Every structure is written in C-alpha cells, then in structure tokens.
Amino acid sequence: MRKAVPVKERMKTPRQPMPSRSPEERNKDFFEVNQGLDAEAAVQEARRCLDCANPSCVLGCPVCIDIPSFIKLIEKGDFAASVRKIKETNSLPAICGRVCPQETQCEEVCNLKKAAGSPVAIGNLERFVSDIERAEGPAFIPEIPASTGKKAAIIGGGPAGLTVAGELAKKGHEVTVFEALHVAGGVLVYGIPEFRLPKETLKAEVEYLEKLGVEFRMNVVVGKTVGLDDLRAAGYEAFFIGSGAGLPNFMKIPGENLVGVYSANEYLTRVNLMKAYDFPNYDTPVFLGKRAAVIGGGNVAMDSVRTAQRLGAEKSMIIYRRSRTEMPARVEEVHHAEEEGIEFHFLTTPIRYIGDEQGRVRAMECQRMGLGEPDASGRRRPVPIEGSEYTEEVDLVVVAIGQSPNPLISQAMPELKMGKWGNVEVDWATMATNIPGVYAGGDIIRGGATVILAMGDARIAAAEMDKYLRG
Amino acid sequence: MAKIIQRIRLAPNIHLLEVHAPDVSRKSEAGQFLIVMPDERGERIPLTIADWDKEKGTVTAVFLIVGTSTQKLSLLKAGDDIPVFVGPLGKASEIADYGTVVCAGGCFGIAAIHPIARALKAKGNRVITLIDVKSPYLLFWEDKLRKVSDAFHLSTRDGAVDNPNTVANDLAGLLEKEKDVARVFAIGCTQMMATCAEATRPLGIRTMVSLNPIMVDGTGMCGACRVTVGETTKFACVDGPEFNGHSVDWAELFARRKSYFNDEIRSLCAWEQEIYS
Chain A
1087 MRKAVPVKER
1097 MKTPRQPMPS
1107 RSPEERNKDF
1117 FEVNQGLDAE
1127 AAVQEARRCL
1137 DCANPSCVLG
1147 CPVCIDIPSF
1157 IKLIEKGDFA
1167 ASVRKIKETN
1177 SLPAICGRVC
1187 PQETQCEEVC
1197 NLKKAAGSPV
1207 AIGNLERFVS
1217 DIERAEGPAF
1227 IPEIPASTGK
1237 KAAIIGGGPA
1247 GLTVAGELAK
1257 KGHEVTVFEA
1267 LHVAGGVLVY
1277 GIPEFRLPKE
1287 TLKAEVEYLE
1297 KLGVEFRMNV
1307 VVGKTVGLDD
1317 LRAAGYEAFF
1327 IGSGAGLPNF
1337 MKIPGENLVG
1347 VYSANEYLTR
1357 VNLMKAYDFP
1367 NYDTPVFLGK
1377 RAAVIGGGNV
1387 AMDSVRTAQR
1397 LGAEKSMIIY
1407 RRSRTEMPAR
1417 VEEVHHAEEE
1427 GIEFHFLTTP
1437 IRYIGDEQGR
1447 VRAMECQRMG
1457 LGEPDASGRR
1467 RPVPIEGSEY
1477 TEEVDLVVVA
1487 IGQSPNPLIS
1497 QAMPELKMGK
1507 WGNVEVDWAT
1517 MATNIPGVYA
1527 GGDIIRGGAT
1537 VILAMGDARI
1547 AAAEMDKYLR
1557 G
Chain B
200 MAKIIQRIRL
210 APNIHLLEVH
220 APDVSRKSEA
230 GQFLIVMPDE
240 RGERIPLTIA
250 DWDKEKGTVT
260 AVFLIVGTST
270 QKLSLLKAGD
280 DIPVFVGPLG
290 KASEIADYGT
300 VVCAGGCFGI
310 AAIHPIARAL
320 KAKGNRVITL
330 IDVKSPYLLF
340 WEDKLRKVSD
350 AFHLSTRDGA
360 VDNPNTVAND
370 LAGLLEKEKD
380 VARVFAIGCT
390 QMMATCAEAT
400 RPLGIRTMVS
410 LNPIMVDGTG
420 MCGACRVTVG
430 ETTKFACVDG
440 PEFNGHSVDW
450 AELFARRKSY
460 FNDEIRSLCA
470 WEQEIYS
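As given, the protein sequences belong to chains A and B, one line each in that order.
Each residue of the first sequence is one higher than the one before, starting from 1087 at the first, in my numbering.
Each residue of the second sequence is one higher than the one before, starting from 200 at the first, in my numbering.
I should point out that these hints are in silico values taken from the structure, not numbers from a laboratory.
Some clues are possibly wrong.
[What the hints assert, rightly or not] DMTMM-like cross-link-like pairs, simulated, lysine to aspartate or glutamate; straight-line CA separation at most 25 Å:
hint, chain 1, residue 1, chain 2, residue 2
1, A, 1361, B, 471
2, A, 1289, B, 239
3, A, 1338, B, 451
4, B, 271, B, 473
5, A, 1503, B, 438
6, B, 253, A, 1316
7, B, 271, B, 462
8, A, 1401, A, 1364
9, A, 1361, A, 1110
10, B, 457, A, 1479
11, A, 1285, B, 239
12, A, 1162, A, 1152
13, A, 1289, B, 280
14, B, 290, A, 1501
[What the hints assert, rightly or not] A short list of chain A residues far from chain B (calculated; beta carbon distances all over 10 Å):
hint, residue
15, 1150
16, 1195
17, 1220
18, 1260
19, 1408
20, 1417
21, 1427
22, 1523
On a predicted model such as this, the values are computed, not experimentally measured, just so you know.
Backbone N, C-alpha and C fix where the C-beta goes; we use that ideal spot for every residue, glycine too.
Produce the complete structure using the sequences and hints provided.
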C-alpha cells in the first residue's frame, strides 16, 4: 500500500469534507446533521493515511483501535474486514464515529496533521464502515467460545456498561446488563440528540450485543430493586458499576428553581428519551421557549441549545463564563451550532433568575467576566467584573454545567470506598474498587467525561473481570 | 414488563393498580414510590406504594387521574402488561416508636398513608388516623385503615357526616385533645399537606409530608423534582420523598407542580380525539 500511492501524493490529497444538511433545513428537525461519507470519498480519505511506521493515532485512542489497519482495509475496498478490525477493540463504532472528540484524540496526534495541516478523518471513516455494515444486513458475529459458566452483572447500560458487556460476552461469560431506565444506552439515549446520534444507530449496536449473548434487564435499579447481595445470591461473581454521572449540578443562585429553568439532563431526557418533540403524540411535554438561554460551554450545552432552536426558539443563546478558546465542546458541534444560528455570549454568567407572578422564569441577570490566572484545570479563571450586570429576557433556561456521580450506588453500598466528589474510587490500572470482584468505570469514577473515556475504562475493567472470573 | 393483577376504581377519579413485580415487592418499605409508564408513548409518573404482598410478589399503588398517562393507567385491565414499573424508589419513612402519632390522608393519600400507619403500629405506636374527603363517596380503604389504627377520624367537607371540616382544622382540633402527639405524617394533595404542616407549626410537632413534584427518571438523574427544603435544594426522588413539612417552600412546589397544566389539557384532548375518533 505504501508503495502503491507515494507519500507525497497522499499528502497532497485534501481531507474529504463530511457532507451535512443545510443549516436552514436541519435547525427545524431532529434528523441527523452529518450524512456520512460515500464509498468513493471514504476510499479517497483512507488513501491519505501515511501508514506510518510508528502510528501515534493508536496511542491517542482510549480504546486502542488498530487505526492504520482498519484504514488500509478501507483503501483496499474491504469494508467488511475493516469494521471487523475495529470491533476487535471497540463494540460500538457507529457511536464512536459520531460522538468521539477525535480532534483531541486520534486525529490530534495524526502525523499527517503535523505534515500537511489536516489529519486523516479517522472518526468519519470509522462511522463509514460501521454504517455500511449496518446497511448491508446483519452484523458479523464473532465466534463466541464455549460458555465459562461464570456470570457477570453490569450495573448501568450506558457506554461503559455496554462495552464491558460486549467484551465479557466475547470471552464466553454470561453477562446481564441492569438498566434503571426503560431503554438501554444511558447518556447515548437520554442525552445525545437524534440529530447527532440517531436512535436507530444505537438500537443496532444494542442488538449486536444481544446477538453476542448479552441479556438486558430494563427497569431495574441496582441498589433499590436488587442489591449486590441479591445478585451474588443469584450467582453473579463479577460486577461492573457504570452508573454514570447522573446528578445534575446547579449554580445555587437565586431563582434557579423557577418554572422554566431545567437541568440539561431533564431537558434532554424529556426531548430525547421521552420524545417530547412529538408532544402531544407522546405524553411528555417540554417548554418551547421563545428566548432560550443555555448555561455552559460543553457538548451537553451545545446539544441543549441546538435542541431549543429546533423546538422553535427565536433566540437561542449559549451563556459561557470563559472565552471561545476555553470551551470544552467539540469543534464540530460549535461550528454546527454557529451555522444553525445559535448566539454565543462569552465571558458572561447568570447571577440570578427573575420570575413572574406564576413562578415562571422571565429574565435573568447576567454579569460580564474577565479572565485571570490559569486554575487547576489549566484554563484561565473567570473573574467577575463589578458593575457589569445586565438583564436578558428569557423564558427557557437550561443549566448545562456538568454532573456529579449518581448517589444511589454509594447509598446502596455503604462499604464501597468513595472519593470526596462522590465518585467511586478505583485502582486506575485495573478499575477494581475496594470490594473484591466489583469494578467501576466511566462517569461514576470520573464525574462528567466522554463516551470514549468511559469505554477505555470499560476495556481495562473487562480484561480484569475476565481474569477474576477465571480465578 | 410487569403483569397487572387487578385494576379497580376506588372512587370516581381514583384507581387501584396491583401489579405482579416480585423484585419490587421484596424490597418495598413504607414511604417509597414507583415510577410507572402506562404505554410506550406515556409519561414516567411517580406513584406512592400503597401496599405489597411479598409472598404473592405483588405491589399496589393508588392513583388519581390527572393527565393522559394516569388516564391510560385507569383503562388497563387484569392480565395486561405494564411496560415500565420501577421501584421501590426513594427513602423509606423513618419509622420508630414515637409514642402517639397522627397519620393524615386525603385523596390518593388515603391509600399512601396506609403502609406508614401499619409500620408505625407494628413498631408499637398509638396510631390516630385522620382522613379528609370532600364527600363520603370518595372514601375507600376505611377497613384497612381502621385495622392499623387505634383511632380513626373522618372529616368530609360537604357536611355529610357530623364533622364538616378540613383536615387541617380537624388536625388542629385533634391536637388540642391529644396532647402527647409526637409526630404527624401527612400524605395527600399539595394543599392538604401544606395546611397540615401549618396546623402543626405553632405546636412544633414534627410533620412529615410525602412530596409529589413532577419527576422524570426518579433516580436522581434529571433534577425535575427539585424542591427547596430549609433553604437548600433537594431532589425529592433520592433525598425524599418525605421531608419536614415545616421547612418546605410550598409556594415553589405549587408553582412547579402547575408547570404543565395547559400541556396536560392539550395532551388529554389530543388523546381523547385519537381514541374516540
């Protein structure tokens, strides 16, 4: 391959753009924004890969996908083999290809970026092969070894839990996923909107796990419906806690409990999981703000503000206390939001919400911020500017300033060692907690992080759980 | 999926739902609640657990028809499957031997107060039950409540019995006679619980109320159910549902509960049009 197309030519090929629907059309519906590469563009993009002697992209990937190999298979036109290559280490490529922050991971360290300015579109290629596989019929099911007769319980059906489930099933263990909600997927189903990750895509990935033999038990809250003891009594020997960061943070400012002030979790759950965008066809309502403000600068904030826009807001604003440079959201999402007409109010923070006689939010008082010295996160600390207060009329506010670990697990397992932020403490080399046989990963140990970091934790945990189960 | 054992009408607007859910039944304690969804398009709604039978593996809830999802629940029959039936959620009531306690119930809370009264009785308390209905035909479970109570009082607002009064006035009157009431538990509509809390405030009797804010997931994830209790924000689903009624910001709770009033009417109209057309 390296010989077929000279490196110079590879470097000259421009990055293939991701086709997307026009902003004016897509900001009124919930259909997917990105349309995916076609086969020709994908092969062309794959041809840009330099097939480096020392591929740094793999090191940039939290689940260590053999990126050069899967890309070379695309270049050869063997898409089926390519997706199988990815699935050796990642059971959810259609999801990662859509929601991973590639620009800060694999693509960040791609040698082509250093050499020619723009990296190989690794994420777009990952999405391409997984979509092709899904379009062409049932997914390839790897051969599962004979059952070990060992049972593992996965607490939480989000990205971490699904990953552990897939890995352990492939090793021949009996795996059950316990999920509190009525649909599997965790943040992938309640948090990430369909315009970024269609439900059908997620459904196909869950069905793939079912074909691997994973059992799903929905509507079961571990710690409430069943305890660890019950699960042990039922024969489960190894446990993975992937219960996520399900406790929304608030700023504790006046008026935050006014009607019309949502946490991002509630807002997105109503719209995504409960399909409030199709109210009254679905029973769950959601406020359709005319002037919507979303507080925060991460991906969840982008998802919320673009949702508000799609639900008919005339003015949809991001209120972020630092500047554009410090915003944690993916570059692509910020770019899409801007195209769709979202306003960005940087260096601004709300200090109180003002309600009407019915207790509904009608305005918010904001304060301008300056940037001081870098804080522990390495980002410059926002400093309030005295006397800069102003009032902005709003009828919908979504607070998207992060989440803390869900407290149910720690309430239910008092012996579990917890960190000071309510997170479960683990040995980072093995993801083991202080209780033998109990492992944890994802947002329950990290606080709010990303899908792919959760999956990275999950892979480590799965390998250790496999060893543990085999004794 | 959980199988419905029975669904019966207790009062014109109040229904009982008994469901086979052995896991939920095994763990149920007084004061906890369920999240229920009547069908795939329904809302996730919280219902207080009114009773359970660990041997049969069943759980009973009693609900008031408010919006479309409760309307749909009221049409389910024995043998039907209910797609979402999650629990038991929330913290259990603090049950101890307090001495003399008053359990006040109104509306669907007549049933919801039952397991608390039963647990208090089992712990050795002298249980005085106080039930508030608009009219006698809205009363149900009198036998069940009498069985777990040392004294039973009924007040009806239409004057049909000789005690035309509100539960709050009754409670105040009762507390004048009963000097040694150590704790009050009140479950019913928000208004009923707020007035009970006001009735006991001057006497300083700790009054536990089971709050009923709007919920979505019921496990602490969404924050829809936040209530202000003593200056701090609490999530009713994981910190409650029971709180000290004297510390609750009732005005905020009233406003938040009314959030979707117009939407509920719209939803019901749309649904009725769909099923009757």
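Numbered hints the structure breaks, given as an ascending list | none
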